Amino acid sequence: MEIIARTRMIRISPRKVRLVGDVIKRKNINDAMGMLMYMPQKAAFILKKLLDSAVANAKQKKYVDVDNLFVKNVLVDGGPVLKRFLPRAMGRATKIRKRTSHITMILDEL
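Each step along the sequence shown adds one to the number in the numbering used here, with nothing skipped, and position 75 is 76.
Check each hint, because a few of them may be wrong.
Capping the alpha-carbon separation at 30 Å, the derived lysine-lysine pairs in DSBU-like fashion look like this [stated by the list, open to error]:
1) Lys26 x Lys73
2) Lys26 x Lys60
3) Lys73 x Lys60
4) Lys17 x Lys99
5) Lys84 x Lys62
6) Lys49 x Lys26
7) Lys49 x Lys62
8) Lys60 x Lys99
9) Lys84 x Lys60
10) Lys28 x Lys62
11) Lys43 x Lys99
12) Lys49 x Lys17
13) Lys43 x Lys73
Simulated from the structure, these hints should not be mistaken for lab results. Bear in mind that the values here come from a model prediction, so they are computed numbers and not experimental data.
Take the sequences, apply the hints, and build the full model.
Structure follows, in structure tokens:
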């Protein structure tokens, strides 16, 4: 039985989240939680909160054993881009694109 948790419009680049998400794929939830707890990246904190949410979703279902769950997949998609500009010399400007992410975490039973 798959358990899904989603978060949207997170103000971090999808590329940075994918780096951390790939580390916890196909790991037991206890192992994944331990890894995320000690990673210094901002994405690790976000994914830890999402993993907690997914485990809470699993506890709501009576026929799911929480101890046998593992991270089946972490999908990271790009969200809308906030476009800004930075004034430069001689009246020019440089584009700054502040990227956002949509993250989906799928848990499954062993």
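Status of the hints after comparison with the structure:
Using a Cα cut-off of 30 Å, the hinted pair Lys26 and Lys73 holds, with the two alpha carbons roughly 6 Å apart. At most 30 Å may separate the alpha-carbon atoms for a hinted pair to count; Lys26 and Lys60 meet this at roughly 21 Å. Taken as a hint, the Lys73 and Lys60 pair is honoured in the structure, with Cα atoms around 17 Å apart against an allowance of 30 Å. Note on Lys17 and Lys99: the hinted pairing holds, with a Cα-Cα distance of about 13 Å set against a maximum of 30 Å.
A C-alpha spacing of about 41 Å is found between Lys84 and Lys62, which places the hinted pair above 30 Å, so the restraint is violated. Between Lys49 and Lys26 the CA atoms are separated by roughly 13 Å; this keeps the pair inside 30 Å, and the hint holds. In summary, the hint linking Lys49 to Lys62 is supported, as the alpha carbons are separated by about 21 Å, within the 30 Å threshold. Between the alpha carbons of Lys60 and Lys99 the distance comes to roughly 36 Å, so the proposed pair goes past 30 Å and is violated.
For the hint pairing Lys84 with Lys60, the CA-to-CA distance comes to about 40 Å; that exceeds 30 Å, so the pair is violated. Of the pairs offered as hints, the one joining Lys28 and Lys62 holds, with about 21 Å between alpha carbons and a cut-off of 30 Å not exceeded. The hinted pair formed by Lys43 and Lys99 meets the criterion: a straight-line CA distance of about 15 Å does not exceed 30 Å. Under the criterion of a C-alpha separation no larger than 30 Å, the hint pairing Lys49 with Lys17 is consistent with the structure, at around 15 Å.
A threshold of 30 Å between alpha carbons decides the hint, and for Lys43 with Lys73 the separation of about 22 Å falls inside it, so the pair holds.
The structure shown violates the earlier hints numbered 5, 8 and 9.
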